[in-house]
Amino acid sequence: MWARAVILFIGVLFHYQQALAVDTYMAEFMIESNATLNVSGALSAIKQIATPNTTMTIELLELTAECKIVGNASTCNCSSAYIWSNDVCGNFQCCNYSYCNANISDYPALCIPKVKVRFNGTVQVRITINQTDTIKKQLTDGFKQLHGFECLNVSGPRDDGQIVDFKVDLSVIFLTDTLAKIIADLEPTVGKIAVETSGLVSIQYPMDTVKFSSTPTLNCRFEEKTNGSWNWNLLKGNKTFNLNTGSSITVSLPNETPHNCTTVQIIKLSGNWAGIYKCGFSKGSIVHAATAELKVALLPDKITMTIDPLTVECQDAVPPVTVTATIDNSTEQYTVTWSYQNNLQTPNLQTQPVPPAGIAYTTVISINCSPSSSPHVVIVSFTNQMDEIKKASITIPVIYAHDRNQACPEDSNVWPKTPKGVTVTIRKCEVNRVGYKERTCKGPEWMEVLDNCVNEELIKVVNAAANFKEGLGATLQVAIQIFSDLKKSMVADSVADLSASINVLDTMSSASETITLDNSILDTFLDAASSMLNNTWKAVNKTLEYDMSSKYLTSIEGLVNNIKMNTSEGNDTPNIQLKLCNVQNGTSCNDIVFGVEVKLALSSGIVKTVGVKNLADKLNNSKFSDYKFPSIVVSATLQNSNDSKIDIKLDFPINQSMTQDSNILCVFWNTTLNEWSEEGCKWKKGVNNRSYCECTHLTSFSVLMSKIPVTLLFLDEITYVGLGVSICSLIIFLIIEALVWSAVVKSNLSHFRHTALVNISLCLLLADCSFLAACFSSIKTSTWCLVLTVTKQYFFLAMFCWMLCLSIMLLHQLIFIFHPLRKRVYLLLSTILGYICPTVIVSATYVYYKYTGKPYHNTETCWLTYEGLLKGSIHAFLLPVGTIILMNLFSMGVVIMTLLKSTVSDGSKADEKEAAKSIMKVMVFLTPVFGVTWVLGFFVLLIDINAPMGVLMNYAFTIINSFQGLFVLLTGCFAEKRVFVHP
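Per mature numbering (1 follows the signal peptide of the UniProt record, and there is no 0): the sequence shown = residues -21 to -1, 1 to 962.
Please note that the accuracy of each hint is not assured.
Distance windows between CB atoms, simulated [said to hold, decoys possible]:
1) Glu436 / Ser372: 40 to 50 Å
2) Leu455 / Lys607: 50 to 60 Å
3) Thr111 / Glu436: 17 to 27 Å
4) Leu455 / Thr675: 32 to 42 Å
5) Ile246 / Leu455: 39 to 49 Å
6) Lys607 / Thr330: 23 to 33 Å
7) Glu846 / Val819: 17 to 27 Å
8) Val94 / Asn217: 49 to 59 Å
9) Val428 / Thr330: 26 to 36 Å
Because the hints were derived from the structure by calculation, they are not lab data. Predicted, not measured: the structure shown is a model, and the values here were computed from it. In this text, a Cβ means the ideal position worked out from N, Cα and C, and glycines have one as well.
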């Protein structure tokens, strides 16, 4: 007997159209008095229910729960297809009981439909078979706490004796936290537990086969707010690929609503994307997953066509041509058709497997030898179950009678007789290499063979990188493996391998724009990239070299820019250096890569500076053909920076002395034009005679130095004329000296002076001749360049040493008036100083630079090298010459002071004028033979040639010293009265 009332909870499914969606409502029907329990019958008369928003239609009526209320006591039970809700289970502990004696009649969702939920798990524990029952009991006792627990099965242990597998069946959806708590309680006693559930995550996908050209979408939903991680995987055979947003798919992460949903949309469908998709939510050792198979009406991703024979010559008997189309193995049943010259061919299709995973379709074509301008094109068409078609074609080269004279002959039984202008492709490579070789007939001569056979292992890396870019297997671990395998599989002396390796870098650079990579990849990436620059690329033709080097640089810059880095120290490899600088609060950043100092000021962010060696000479330099590069290219990129104005300074390790007579350009690599450009960059002078590049943008930088030193107008012409005049003057001087020697040499003093002048003239004559000979371009490429460098150094040093002898003699005569030099002593000392000392200096210089491996001479100028202050063989000339000039200047000063002293003692104006004339005469007479004019050479080295004073010094030095022989003639002969008036 019912005490007061019977309350029936009926689950009513209302269906209505609202924006093409289906919603579910829960309704409550109450009977206030003892009444029949035929509630379904009572409600059957209700067809529609009006709500404030819409009108709902009852489609399905089903009894879910029944409660009996007697006084204050309430007893409820669920229908057979329903089970207690999680709220009732959690609050009243009625989980696994048929009846619940609790006041729960007013719960809105008392019972919920049973659903099939299962999870598989493993226990990692050292165990024996006899203990399996114990493990099962422990697991059962733990998991039966879950609401809706039905059964648990245990299998194992596995062969290693440490893994036990189990399965749990439930009839209700549970909360992740509840399962996690149970696992945490079990692990101390049974071991590490990992669980993967099915039934909690729902997946929506196209159940019918989709077209190859479609863009299918798969959705995953988990009816629980999560704080774990989601992932998508594609299962193909025994391989599992993690999915990430790439060029072919878009993976959207769950939104922040209580019902978390994640989506995969395939935007470029191919055979790669057919398979079983698995989406999963993971939290700790618990994974909630769902799977679905995407069926695709496939088409071949790639069709490779070949012909046999490779060419056909129209003669009396024309052989048939076997045409083969090779594709990857596929489950699709294709309809294959062939056409020749737009005419459908009679099916004579044959198929055969092609290792390792391909299938070949073959047909035989009879060639039409009627002369025609139309090419002999064979087309193959593959049609799938959705009537989608993919075609490929190949042209059969045909030699007609009138073309035979221009055809290339057969070569080595490999390359057949081929018509002019045709490229023949052979798809046969050496063992462990795949690809093709091709050769073009230029008619009637063959061009070089282009070998595109690539290492098999490297091809796997190329394919893995392509999949990575598409989003298939796009994880950080896979990226690290790609770069590791890239370094291992590349053959250094193979152009095809080098090109394929650079393509891998380019592919990974493009992939990094959408797929996140971090600095854990740097070591393997930079090692692989650096190894590509270990060889000189000599086997690569220039066009291909320019393309490869540009792609290489762009790829390196793109990867470094896209990789998310922290503030680590950076990475060093033999050919690539990477430095990181974390800028905060407007501090500046100074980094050095391969000796190039990079300075950049910004408000905040990370500056990534990369230096690359052995690349600049491989880039296209046709725009600046008169310039040469150092071996360093520097690239700078920013991370986490919003600075709109960039000012970067780069101090390249260029010998600063070389900038005095060379034109220097700061350039950057224009990735659009694939050439160097000066836009936005300037070469500037700094403090302490330093120079640097300053640019207003970030990219790959380098410097250009003119191969030919900057020359001033008519400077070379003045030099050649001056040397010619000087040589002629010196010859005349020596002839005159020989003719008047006995007449003018009357005393030891005159003998000393004329002996020094003759030796000075002779050494200057030989030095000028050596200098003039070195101007011929043919000399610079031969051993004569070294010989002339040695002779120039020797004779110029000998000339200055004899000038020193003359200076010492004059100084001794002024100071030691009553102690004249004896002739024998003077000649002995002069010979030692004039010829033996230069011999020792030149020999020591050459031997030192020979055995230290440093350059002794510059092959461009056939003169000593100058690398900077106290660096270079030129200092073996400058230091002795500078010392001698200083001593000669001292001697000249003593002479002038002596003349002034005698003038002061006399005191008359006439004598003062005569003394001034004498001083001027001394300076004019002694300057050429004392080498004082060579002081200008030191200013030429110190002052920039582009400065006005530098221009003046260069002209002055060239004019005065190239005509030095003329000045010796004038001061040594014509200005000396006894020589000039001698009959």
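Hint-by-hint comparison with the structure:
1. In this structure the supplied range 40 to 50 Å is violated for Glu436 paired with Ser372, their Cβ-Cβ distance being about 31 Å.
2. At roughly 41 Å, the beta-carbon separation of Leu455 and Lys607 lies outside the given 50 to 60 Å, and the hint is violated.
3. Between Thr111 and Glu436 the Cβ separation comes to about 44 Å, which falls outside the hinted range of 17 to 27 Å.
4. Taken as a hint, the range 32 to 42 Å holds for the pair Leu455 and Thr675, whose Cβ atoms sit roughly 35 Å apart.
5. At roughly 23 Å, the beta carbons of Ile246 and Leu455 sit outside the given window of 39 to 49 Å.
6. At about 59 Å, the beta-carbon gap between Lys607 and Thr330 misses the expected band of 23 to 33 Å.
7. For the pair Glu846 and Val819, the supplied restraint of 17 to 27 Å holds, since their beta-carbon distance comes to about 23 Å.
8. With their beta carbons about 31 Å apart, Val94 and Asn217 fall outside the hinted range of 49 to 59 Å.
9. Checked against the hint of 26 to 36 Å, the C-beta distance between Val428 and Thr330 comes to roughly 32 Å, which is consistent with it.
Consistency with the previously given hints fails for numbers 1, 2, 3, 5, 6, 8, ordered from lowest to highest.
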